[in-house]
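Between the sequences and the hints, there should be enough to build the whole structure, so can you do that?
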Amino acid sequence: MENEIKLISGAMVTLAIATASLVVLPYLQLRHEPPTPGLKPYTEVQLRGRQEYIRQGCVYCHSQQPRDPSQAPDDKRGWGRPSVAGDYYYDRPHLLGTMRTGPDLLNIGARQPSADWQLGHLYQPRAYTPGSIMPAYPFLFEVKKEAAPGDKVVALPPQFAPAGGVVVATQEAQDLVAYLLSLDRTFPALAPLADASPASK
Amino acid sequence: MDIPLLLLSSFIIAVTGLFFFIWSLRKGLLDPDAAGAKVIFSLGEIGRIEEPAATGAGQRELQRAMTASHGEPDATELQARLAADASSARPAFVLLGFAVFWLLVASLAGLTSSIKLHEPDWLTQYAWLSFGRIRTIHLNAVAYGWAPMAALGVALWMLPRLLKTTLEGARFAVWGAILWNIGLAIGVGCIAVGINDGMEWLEIPGQVGVLFAVGGAMIGLPLVFTLRRRKVEHLYVSVWYMGAALFWFPVLYIVAKLPNLHFGVEQATMNWWFGHNVLGLFYTPLSLAAVYYFLPKVIGRPIQSYNLSLIGFWCLAFFYGQVGGHHLVGGPVPEWLVTLSIVQSIMMIVPVVAFSLNQHLTMRGHFAALKHSPTLRFVVLGGMMYTLSSIQGSFEALRSVNTITHFTHFTVAHAHLGLYGFVTLVMFGAIYFAMPRIVSREWPYPKLIAAHFWLVAIGFAIYFVSLTTAGLLQGYAMVDASKPFMESVRVTLPWLEGRSIGGALMTLGHLVFATHFVLMALARGPKRSGAAILRPLARTA
Ligand code: HEM
Ligand code: HEM
Chain A
-8 MENEIKLISG AMVTLAIATA SLVVLPYLQL RHEPPTPGLK PYTEVQLRGR QEYIRQGCVY
52 CHSQQPRDPS QAPDDKRGWG RPSVAGDYYY DRPHLLGTMR TGPDLLNIGA RQPSADWQLG
112 HLYQPRAYTP GSIMPAYPFL FEVKKEAAPG DKVVALPPQF APAGGVVVAT QEAQDLVAYL
172 LSLDRTFPAL APLADASPAS K
Chain B
116 MDIPLLLLSS FIIAVTGLFF FIWSLRKGLL DPDAAGAKVI FSLGEIGRIE EPAATGAGQR
176 ELQRAMTASH GEPDATELQA RLAADASSAR PAFVLLGFAV FWLLVASLAG LTSSIKLHEP
236 DWLTQYAWLS FGRIRTIHLN AVAYGWAPMA ALGVALWMLP RLLKTTLEGA RFAVWGAILW
296 NIGLAIGVGC IAVGINDGME WLEIPGQVGV LFAVGGAMIG LPLVFTLRRR KVEHLYVSVW
356 YMGAALFWFP VLYIVAKLPN LHFGVEQATM NWWFGHNVLG LFYTPLSLAA VYYFLPKVIG
416 RPIQSYNLSL IGFWCLAFFY GQVGGHHLVG GPVPEWLVTL SIVQSIMMIV PVVAFSLNQH
476 LTMRGHFAAL KHSPTLRFVV LGGMMYTLSS IQGSFEALRS VNTITHFTHF TVAHAHLGLY
536 GFVTLVMFGA IYFAMPRIVS REWPYPKLIA AHFWLVAIGF AIYFVSLTTA GLLQGYAMVD
596 ASKPFMESVR VTLPWLEGRS IGGALMTLGH LVFATHFVLM ALARGPKRSG AAILRPLART
656 A
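In order, the protein sequence lines correspond to chains A and B. Quick note on numbering: the first sequence equals residues -8 to 192 in the working numbering. Quick note on numbering: the second sequence equals residues 116 to 656 in the working numbering.
Treat each hint with caution, since some may be false.
Unchecked claim - Quick list of in silico lysine-lysine cross-link-like pairs, DSS-like style, CA-CA up to 27 Å: (1) Lys598(B) x Lys67(A); (2) Lys642(B) x Lys486(B); (3) Lys486(B) x Lys562(B); (4) Lys346(B) x Lys153(B); (5) Lys642(B) x Lys562(B); (6) Lys31(A) x Lys67(A); (7) Lys153(B) x Lys(-3)(A); (8) Lys(-3)(A) x Lys279(B); (9) Lys486(B) x Lys153(B); (10) Lys(-3)(A) x Lys486(B); (11) Lys279(B) x Lys346(B); (12) Lys279(B) x Lys153(B).
None of these hints come from the bench; they were simulated from the model. Please read these numbers as outputs of a predicted model, since none were measured by experiment.
Here it is as structure tokens:
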């Protein structure tokens, strides 16, 4: 049995070291990190929209973590200042992302504050950004003969509007846009903690 | 608390401890003739090939290529191996059957996602087929379907052979596999309708994940039972890798799914602690276990340096666990954490070189065997891809490289080099070896094995080259402030189409493989006299 005990205990010790450094230490260090001043909790509608962002898997193409100007020109693209831990205070689950098949979205609410633009873009991205490879989301909209009272009609460039009808945003689409518009971390970051800074300096 | 200093000192202490530990394990560390390496052979068997995936004639040629064997293997030991194979046949067959099913689901989902990236208006009316969902179905079907089912099936099949006993508790594994796959089917359904925990690699809701935890534990039970009955003195290196992986995975999954604990940026570090460890501490060790068994077994020669393989194991166990932070380079996470992960990523070169050297030295002078052995072709190519993907990964972790590649298709190309080029190819090889022993029948159409090999080899080459090019062009465009963002999209388009072509060839290869698998399982096709049957190879020499 000696070998088995060495194997299992060794394997568990190495995993414990890894867990301590990648999970427990960050937990202890970040637990008391306050929200960045100016960051507001999500409203109920925004939270529903955030859930929609998760349901549709937007995170697989869009990051939410602008990098430091010394590393990459993310700020010059209008994606915002480098983010800090406090910017994610209300984020559960986190949606940092690892791909930029599309642009970073942490500040999309500041970059494209028009709800009409956002809705139209979800309905048909190529109506607003020629050459975009983002999928269209027609199933978040309804095409109706004419709008009923209270319907949110999507304004589209004429060549993309369906013939003989109007495009109406579903509740899901409106929630999603409410979330996108809430993505705005243009307020200044706190001076980052000495050892908790993003890739700066 | 001065975290960098703390980490530096604990790092130094731990590395010292690691080497002391390795040293204590092996008294004859530099002994070139380690008995442990010979555990996989029976008395008098060294020098004798074993390759059930080749035809009878192929086997004789393989034996000739390896030069003649001396003497006959011990008959009682061969008898024991027959009993070992019989004891694992059922659970291995169930697991491998599920694996092949998920391979097909995953390939079709992957191909659909790939096409959608250059045809964004294709099939947009169905929510479950939209890129974000079908891509995630692809990932989960490989990550919780194909890869673990194949790796665990092969592991269970190797286990009684490695311990020279019969598999104990096979029933648990069969029921565990059924639970696991029910969980996965529900999980994939959840993703399709949009119920999802929202973290990469951890999308399947925790409530469903319970089935993975229970099913996985049940699949692991035979390991514990069988170890207790082992008839060998030395635990072969494959057993180390398999044993550790089976204990690591439950811890990873349970910690990751603990509800209401993780938050914000901490959750991101946890996410990639899980994400990389499921690769590094689960698929990788299980696949390495297979390489360490099948490669020497097919050519009938013990691995060159048994001790090197053990050093490789402990270095992997130690360094690989801490590399997860390299997925967050430049992100809003503590600087020390990213640095630690980059250091450990570079340290990973040690076990990788240990493995590669060992594989190369064992094969040296015997590469002709590749011509005659389908198993070996897949396993050796897979082993080489392990070296390549890992060395690539170590460099990809460096800040300067990662700045270009991080958010691009380059990462996806690397992911496939690891999980496809390495894990998947090794599993194909292992299945070609094991299945004839499991169903006591030969592969009915050897030509289909060749077709499968060339389709996936060529398909994957196209896939990898296209996507790597796409990623580099995309990455350089993205760090060039003078170029608009859309330029970084435009430059990738022809290469994304190239990926679809490569991926279509791979998918076709998988269809060939799955058809062959089903024909064999149903005993269809021509029956040739039993290369599948384990017996002394008469008329060799
Ligand atoms: C020494 C070994 C390795 C190192 C240091 C390494 C390093 C890396 C790095 C730096 C990334 C990119 C992170 C990013 O920029 O987002 C990455 C991604 C990845 N690697 Fe490795 N790698 C290694 C081996 C492997 C192996 C053997 C496999 C497969 C079994 C593998 C599978 C993956 C996958 C699937 C991803 C993508 C994860 C995702 O974004 O979902 N790697 N690796
Ligand atoms: C069984 C073999 C395969 C395995 C193990 C595998 C594994 C993976 C993994 C681990 C990822 C996640 C990469 C990341 O997040 O960085 C991924 C994504 C992907 N794979 Fe595969 N894959 C396989 C076959 C295929 C095939 C045949 C295709 C067809 C073209 C394909 C197309 C894709 C696509 C399009 C993505 C999404 C990339 C993105 O999000 O941009 N894969 N695969």
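Consistency of the hints with the structure:
{"no.": "1", "hint": "Lys598(B) x Lys67(A)", "in the structure": "holds, 11 Å"}
{"no.": "2", "hint": "Lys642(B) x Lys486(B)", "in the structure": "holds, 23 Å"}
{"no.": "3", "hint": "Lys486(B) x Lys562(B)", "in the structure": "holds, 14 Å"}
{"no.": "4", "hint": "Lys346(B) x Lys153(B)", "in the structure": "holds, 14 Å"}
{"no.": "5", "hint": "Lys642(B) x Lys562(B)", "in the structure": "holds, 14 Å"}
{"no.": "6", "hint": "Lys31(A) x Lys67(A)", "in the structure": "holds, 25 Å"}
{"no.": "7", "hint": "Lys153(B) x Lys(-3)(A)", "in the structure": "holds, 21 Å"}
{"no.": "8", "hint": "Lys(-3)(A) x Lys279(B)", "in the structure": "holds, 21 Å"}
{"no.": "9", "hint": "Lys486(B) x Lys153(B)", "in the structure": "holds, 25 Å"}
{"no.": "10", "hint": "Lys(-3)(A) x Lys486(B)", "in the structure": "violated, 40 Å"}
{"no.": "11", "hint": "Lys279(B) x Lys346(B)", "in the structure": "holds, 6 Å"}
{"no.": "12", "hint": "Lys279(B) x Lys153(B)", "in the structure": "holds, 12 Å"}
Comparing the model with each numbered hint stated earlier shows that hint 10 is the single one that does not hold.
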